[in-house]
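Q: Sequences and hints are given; from them, build the entire structure.
Protein chains in written order, with UniProt numbering: chain B, 1 to 256; chain A, 1 to 256; chain L, 1 to 256; chain C, 1 to 256; chain Y, 1 to 256; chain Z, 1 to 256; chain D, 1 to 256; chain R, 1 to 256.
No wet-lab data here; the hints were simulated from the structure. Quick caveat: nothing in here was measured; it's all calculated off a predicted structure. Warning: the hint list may mix true and false statements.
As the list claims (entries may be wrong) - If you anchor each label on the Cβ, the simulated ranges turn out as follows:
| hint | chain 1 | residue 1 | chain 2 | residue 2 | range |
| --- | --- | --- | --- | --- | --- |
| 1 | D | T60 | C | T170 | 25 to 33 Å |
| 2 | B | S57 | L | A94 | 28 to 36 Å |
| 3 | B | E91 | L | H164 | 31 to 39 Å |
| 4 | Z | D120 | B | E91 | 43 to 51 Å |
| 5 | Z | E62 | L | A94 | 40 to 48 Å |
| 6 | D | E107 | R | P118 | 44 to 52 Å |
| 7 | Y | S57 | R | G95 | 31 to 39 Å |
| 8 | L | E62 | B | E91 | 34 to 42 Å |
| 9 | C | R154 | R | D120 | 35 to 43 Å |
| 10 | D | G253 | R | P118 | 17 to 25 Å |
| 11 | A | E85 | C | Q63 | 18 to 26 Å |
| 12 | Z | T170 | Y | S57 | 55 to 63 Å |
| 13 | D | D87 | L | A94 | 54 to 62 Å |
| 14 | D | T60 | R | P106 | 31 to 39 Å |
As the list claims (entries may be wrong) - Computed far set for chain B versus chain A, every beta-carbon distance over 12 Å:
| hint | residue |
| --- | --- |
| 15 | G58 |
| 16 | A73 |
| 17 | E107 |
| 18 | Q135 |
| 19 | D198 |
To be verified - Computed, partial: chain D to chain L, Cβ under 8 Å:
| hint | residue |
| --- | --- |
| 20 | S133 |
| 21 | Y210 |
| 22 | G211 |
| 23 | A212 |
Just so you know, even glycine gets a beta-carbon here, dropped at the ideal spot from N, CA and C.
8 protein chains.
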Amino acid sequence: MDQRETTRLLRQVASGEVGVDDAVQRLRQAPFEDLGFAKLDLHRGLRQGIPEVVYGSGKTPEQIRAITAALLAAGQHAVLITRLETDAAAELEAGLDTGMGLEYFPEARIAVAGTMPPPDGMGRIVIATGGTSDQPVAEEAAITAQALGNEIVRLYDVGVAGLHRLLSHTDEIMDASVIIVLAGMEGALASVVAGLADCPVIAVPTSVGYGASYSGLAALLSMLNSCASGVSVVNIDNGFGAGYLASMINHMGVAK
Amino acid sequence: MDQRETTRLLRQVASGEVGVDDAVQRLRQAPFEDLGFAKLDLHRGLRQGIPEVVYGSGKTPEQIRAITAALLAAGQHAVLITRLETDAAAELEAGLDTGMGLEYFPEARIAVAGTMPPPDGMGRIVIATGGTSDQPVAEEAAITAQALGNEIVRLYDVGVAGLHRLLSHTDEIMDASVIIVLAGMEGALASVVAGLADCPVIAVPTSVGYGASYSGLAALLSMLNSCASGVSVVNIDNGFGAGYLASMINHMGVAK
Amino acid sequence: MDQRETTRLLRQVASGEVGVDDAVQRLRQAPFEDLGFAKLDLHRGLRQGIPEVVYGSGKTPEQIRAITAALLAAGQHAVLITRLETDAAAELEAGLDTGMGLEYFPEARIAVAGTMPPPDGMGRIVIATGGTSDQPVAEEAAITAQALGNEIVRLYDVGVAGLHRLLSHTDEIMDASVIIVLAGMEGALASVVAGLADCPVIAVPTSVGYGASYSGLAALLSMLNSCASGVSVVNIDNGFGAGYLASMINHMGVAK
Amino acid sequence: MDQRETTRLLRQVASGEVGVDDAVQRLRQAPFEDLGFAKLDLHRGLRQGIPEVVYGSGKTPEQIRAITAALLAAGQHAVLITRLETDAAAELEAGLDTGMGLEYFPEARIAVAGTMPPPDGMGRIVIATGGTSDQPVAEEAAITAQALGNEIVRLYDVGVAGLHRLLSHTDEIMDASVIIVLAGMEGALASVVAGLADCPVIAVPTSVGYGASYSGLAALLSMLNSCASGVSVVNIDNGFGAGYLASMINHMGVAK
Amino acid sequence: MDQRETTRLLRQVASGEVGVDDAVQRLRQAPFEDLGFAKLDLHRGLRQGIPEVVYGSGKTPEQIRAITAALLAAGQHAVLITRLETDAAAELEAGLDTGMGLEYFPEARIAVAGTMPPPDGMGRIVIATGGTSDQPVAEEAAITAQALGNEIVRLYDVGVAGLHRLLSHTDEIMDASVIIVLAGMEGALASVVAGLADCPVIAVPTSVGYGASYSGLAALLSMLNSCASGVSVVNIDNGFGAGYLASMINHMGVAK
Amino acid sequence: MDQRETTRLLRQVASGEVGVDDAVQRLRQAPFEDLGFAKLDLHRGLRQGIPEVVYGSGKTPEQIRAITAALLAAGQHAVLITRLETDAAAELEAGLDTGMGLEYFPEARIAVAGTMPPPDGMGRIVIATGGTSDQPVAEEAAITAQALGNEIVRLYDVGVAGLHRLLSHTDEIMDASVIIVLAGMEGALASVVAGLADCPVIAVPTSVGYGASYSGLAALLSMLNSCASGVSVVNIDNGFGAGYLASMINHMGVAK
Amino acid sequence: MDQRETTRLLRQVASGEVGVDDAVQRLRQAPFEDLGFAKLDLHRGLRQGIPEVVYGSGKTPEQIRAITAALLAAGQHAVLITRLETDAAAELEAGLDTGMGLEYFPEARIAVAGTMPPPDGMGRIVIATGGTSDQPVAEEAAITAQALGNEIVRLYDVGVAGLHRLLSHTDEIMDASVIIVLAGMEGALASVVAGLADCPVIAVPTSVGYGASYSGLAALLSMLNSCASGVSVVNIDNGFGAGYLASMINHMGVAK
Amino acid sequence: MDQRETTRLLRQVASGEVGVDDAVQRLRQAPFEDLGFAKLDLHRGLRQGIPEVVYGSGKTPEQIRAITAALLAAGQHAVLITRLETDAAAELEAGLDTGMGLEYFPEARIAVAGTMPPPDGMGRIVIATGGTSDQPVAEEAAITAQALGNEIVRLYDVGVAGLHRLLSHTDEIMDASVIIVLAGMEGALASVVAGLADCPVIAVPTSVGYGASYSGLAALLSMLNSCASGVSVVNIDNGFGAGYLASMINHMGVAK
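A: What follows is the structure, given as structure tokens:
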């Protein structure tokens, strides 16, 4: 099944000419979708029933619109578009069909097309940051996880230098299903939170800091060496990856 | 409650003088146990019903024996002793009460005192290694996870240079609840496995390699940059950390 | 033979005053050409019958034109001008003699003057990339190799996180004469491809990525540590070097 | 086909019970050989007619003997055993069948079982070192390439600080089919040789040096930045990899 | 004043031939003492009335004895000998005059000759460690500070992964005059302690850890990036430097 | 006590409705102040009687104004606003109540609201720089320390390459209570100054330099390895941190 | 002698009121000159009779003019102004007295005020570069050395990849008094030149290159590890330092 | 001229059969000497009249003896054998002809065969070290320079933390012809000495130190960034290179 065939099929779906079930059946047999400018892996989305993710950076609004339409047509309820700057989001929105809802989250640089799903995970995902500068990466994680069907609790600016700020949220931490900790500079928050919690902690070093923070290296090494159990680490500033993994864990016990 | 009081209490429990429920109640109120040479955090174990872990390295057999006895007396069913060399294990075993079972796993350098629990997690933890040299760290992860109540599937020596070796195990990978991937050198296995799987992947860089592997740095950077979603990373050679986290995730949907 | 003499000679060749054979003979004896702003090594080109390469960056259109004219006059069939930005290419083209063909490849930032040679290598050079962002470096390799007389097969966006995309091209990989693999982030593609192939694999780390990719360092280390045999590595983003070396290998068994 | 079946088949071949053609046929269908302690990829060897390589480090003499016997029985003419220390080689030799020839090269730490093949490549592989300390890695490359059917020319101790030593070998360099350059410290030799040669140059940084050589890092970076075309780099001290790749290139134009 | 003269003077002091005041007067004018194997800076000690420090590593017992005797003779009440291994300490003690008291602290690898001074600082120096493995460096700091006239409070094994262990010592932290925090691995303790305290915090990264702790680098970077005010850092494992500086600060308001 | 309540209280204080003592009493019980965009830790300031510090970077003039007003209303005599660029300072000043004094120090990028306190430390803080380029960071340290009640002596451009420049200030160095040394490039000044002084030396590596200075890394390593006693180090370019710590030390013997 | 006094003295010299000898005598006694914005070390210049150097970067044209005038008035024949961009040079030139000659070298970013001295060194300084991109740093070295009284031989673009280009200049290399070698990328030229020469070689790594050249780090390490004797290294891109040191060496045997 | 011929010639020289002049004449025409285990470059020695250097590490006593004899026979007055451990020196001495003088310097690990030449340089070479641990490398430099005909002044243990120790030697520093500065840890001594001196300073970082000295890296970076003019740097611990270069500079004005 080459690109033209796939495009034709998706258009037929969009126009109602071909039923979704039928199309899904045919797509299941094609290992992946080659639209020339991007290869879509439709299998994972279809198989798991979770939103498909489109990496927005470096794609034109037209390309994003086409991919999004194709995915929604193929049965996705929501499409997550990441790394989308404000300008691109405005352009994207301007050209959309009125029927296709689109919500843009500027701080997270994420747009969600379709319907934001209700939370259906096991519990709540707590997202804690060391300082206010970590917030954009934290929001990327938060919106990602929310769009994947999770309830989020935000604990922002609870860095270890003022421990009482963190300790006043001990309950939320103890009750969390998964915790994402974001911190730049010395990255100490991950260990402290993990010491208080009973659940998996995903540590995200951020590039916040200066001098010997080396754009997140200090936080990265700090988090990798955490003396607390249950901590694992993703790439510097990788809010999306943390949100995605957190959602995966928070849906462990949930029937797909 | 100081050290002497705690020791007395534990001895009373061991001798039956004080009931376990009673002791647990009293211990719950003491934040931690100070034995002079080691502080035990009895809360986590008691609260969660999972085995307590003793870091064996740098402790004498006498100390390990005392801690282990105290923990078993306090109601633990199993005690995991990590980083225990063969000699130390032999010495430890020699001085043990006959009643206290002790199994030693030399490759993993782990001993388990008490009763190895039956698997009670959601699914299976798959442990995959790139080469045979990664096996000791893999076994540390495996025995840790097993002692914490998980069923383990070992896929050893399935490095990416011979892809068919890995692909012949696609079923195990697709069915896994959590996957631990261990690899040194270029660490590529984590991305490949995560691309095949639908579950969280915990990547463990190992110090296997030479030259520009820089004792695991190449694998560490490779894994942190994985283009596959759902991957997080722990410290180089941290088999225990990976096994512990994997167990945590594999028990997400299970009533504690 | 100083610069003025050489310029005079090349002008005489250009005007037909001196025959090409004659000029070649005289040039063979001069070890290299000093045009003031650039030293041309005419020996290699003449001896090997392969296109001469001009490094365009930092040279004015006039300088490039002069060098190119001199080289074509001296008997070269094609001249490869690398690292040439779009603006400079337009300027260069504007001032060219109509007789001198010039084709510009903007993504590769390469212009080819003269006649693009037909493929005369042993087999095909496969060029595989992990993601779409690697494409500019890949095209630099591709156009370089094509201008040196090779047939190219492009396998773009076949990163290891979606293994089926790569595996659907197993035939092209098995049949290749040489393979160039370009990848940023974790650079795992090189090992996986080399495991599937029987031919030399030239790995090009790209600076694609963020955070702990360290502008190609993660991919570089990963590729240097490849556990697959037959892999060697060139500098980060060095598409030209990879294309040049691939051509060299693909012409091993071919009479010069 | 599990391990027992394979072992049985190989024994039948060894005893003449099953013909080699038959066995080869059956083995072609089994993706790989699992002997428990090592997985053999019989495909590549059989398909390409080149010696199989056994990584000796960390294997017992018994294991090496079993693998070697199996491979020879399966039709290999030569088996290359790398990273084999002198003691292990002596032990290995002691237990061998008299019929199975074994030659040990202590400096290269390589043993060759079976019959060393005659050179059947396109030309000669030149191996050049910067200093005498690079010799062990150079010999690993040399014996590897020789065992894979190549003629070797050794140019040892021709470092750039005494350029006349290198220049007195210009002929060998100009005539080479492939060149392997090994150097520690500043690694400058690779660029100089590549500037003199018309063929692919494989650069091997060695860990020779002290202080700011950082165990081969200075040479590695130097070689990756070579301003000469046609140079690619393998891992620090990776003599085997260089020899293997050089052989691959030297057999490009040769019918398999 | 050359070496022989100085030695003679010191011997005269030791024998009572020259009065201490007299000798001190003469020494004040000589900028430093050259004993051939070591140059003593007698000024600082005399001027400040604090113990002189002898770096024991690499000196023979005879040399240490001579220096110590000279210093005590010159009016020092205590001489601190650092980096002194157990064997060397035993040898040193064996040859000492009975009149010269010598106390050896094996874990700190420090010997104190003369009289350990009473605490005369402003307040107490708290020394906190993340784990038990940090203890030797902590003891080096503790004995140094004690020998310089400070009262020490030890808070060992209060790492951030079990925050309650640290919080149970909030009073000691709030009341400290200076705090020395020692931690390896992620080094997070410094920030947490500094957030609780009102006094200067001297952070000592230790080389405790493995993998990506890089022998203290992770802790060093973490501490340099502390988001808490009042933290400064000394070299990895530099217990002596921390103890010396802490004493300096703790004597700020005390008349010299 | 939520944000609205706190704001209301602060306004009541500002208007005289609630007495300062009363408000302080209430605020003491609230662990921290959450204004939405910033959490204020009022405890430290109130308890210690020292100026509160507001990190200006990334805050709007309105936010800074609100925080500053709240702090002054709560009884602070001075508020230090750091990392405030010239433009932001002008904007801030424009909107201020006339009654609230504001002085801006452009080189230090610091504004001080309220009344600059008189020096009340034990002695003088000497601030020495290696070169004129270190001056902005030095001024950040100087104004910070001055605003915290210290007398400052500036010794700028006294780098070690012209030792007489430094030695002509030996008196100021000998008499200092604390010394802050700022240097980029080789950072040698810290050791030289510490060798001359009897007081704590806080070393601040600056990012001044080029090439192998690596933006302050060379100076940082140099300072961490200082062979002089009494030296500790803060982050690269961390003038504020050095000034804050110096003030803390200079007020050690002073009743709070 | 404070700043005002010095300025007055220099003005008196400029106006003829005070004789140069007299002024020099007075200046010899003052350790250094403090003009507020810059401290001049007049001693070295006067004592050694060599041009004074003014670091132009970050100084206003007025400041440079004042310093230059003062220096020329104090008896200097030439003043070297380094790191002076083209715009600043034009501004500087506009405001100069007509009597004060000023020559600007844009590629070297150096201006020379006064009279360029005739060569009075022992021999010639050869300056060799690997490629044309190294030229600006090379010119900084060349103009510096020329202004300090040296004859310069430029060998540009003689990188090791085309060895014949270098070898055709063997005579100049053999006859040199000192050689400065500038190279980026792999930095191999220093070793090769040093192997051909009998004189001191000053190696200057340049930041020319991309990818794993790491802005001159590869060249720096390569040069530090040179296997040739007589090579020493200065900072990356430090053309001035190399020119200054080369002049110093080239004037070793010359009476000052 | 092959190896056998050369050996024969040298033996004839040794036995008096061939005159030295004759042999020298013949050897001048042979570019270099290949003894199988080492290539001797007899040209430089003969041409320059300076001692030949033999790198002792990794050579057997027999090999060293043969090379030394050949060199002395060829007219060298002294042969410098570097990196020669005490045991090897004893063995070497045992087998020597009585006529061939051999002096061994254990701290420098250097032996000198033949006659130590009288100083014939322009002035004195000062060798300064920061601490006593730098002494072995300093002695390597000192003996090298002495054997090459230089007068040495040793200033050991004059580190910058006790500046008066260095300043008391200002005269020696001011009078030096060349200065070698060796320092580990922070390496500050090079800048301070260069600021005091008027002559070339060769900086040798040593691997002395611990923690963040990173085996000489801190000192290396510090020295490369020296703000003093006239400083250049050699590899970490490269005492020989520094002594060799210093001698070269100290003989600049001396007729060869």
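Q: It remains to establish, for every hint, whether it holds in the given structure.
A: Cross-check of the supplied hints:
no.: 1; hint: T60(D) to T170(C): 25 to 33 Å; verdict: violated, 57 Å
no.: 2; hint: S57(B) to A94(L): 28 to 36 Å; verdict: holds, 34 Å
no.: 3; hint: E91(B) to H164(L): 31 to 39 Å; verdict: holds, 33 Å
no.: 4; hint: D120(Z) to E91(B): 43 to 51 Å; verdict: violated, 59 Å
no.: 5; hint: E62(Z) to A94(L): 40 to 48 Å; verdict: violated, 54 Å
no.: 6; hint: E107(D) to P118(R): 44 to 52 Å; verdict: holds, 47 Å
no.: 7; hint: S57(Y) to G95(R): 31 to 39 Å; verdict: holds, 37 Å
no.: 8; hint: E62(L) to E91(B): 34 to 42 Å; verdict: holds, 41 Å
no.: 9; hint: R154(C) to D120(R): 35 to 43 Å; verdict: holds, 42 Å
no.: 10; hint: G253(D) to P118(R): 17 to 25 Å; verdict: holds, 19 Å
no.: 11; hint: E85(A) to Q63(C): 18 to 26 Å; verdict: holds, 25 Å
no.: 12; hint: T170(Z) to S57(Y): 55 to 63 Å; verdict: violated, 32 Å
no.: 13; hint: D87(D) to A94(L): 54 to 62 Å; verdict: violated, 31 Å
no.: 14; hint: T60(D) to P106(R): 31 to 39 Å; verdict: violated, 59 Å
no.: 15; hint: G58; verdict: holds, 15 Å
no.: 16; hint: A73; verdict: holds, 23 Å
no.: 17; hint: E107; verdict: holds, 22 Å
no.: 18; hint: Q135; verdict: holds, 21 Å
no.: 19; hint: D198; verdict: violated, 6 Å
no.: 20; hint: S133; verdict: holds, 7 Å
no.: 21; hint: Y210; verdict: holds, 6 Å
no.: 22; hint: G211; verdict: holds, 3 Å
no.: 23; hint: A212; verdict: holds, 5 Å
Violated hints for the displayed structure, listed by number in ascending order: 1, 4, 5, 12, 13, 14, 19.
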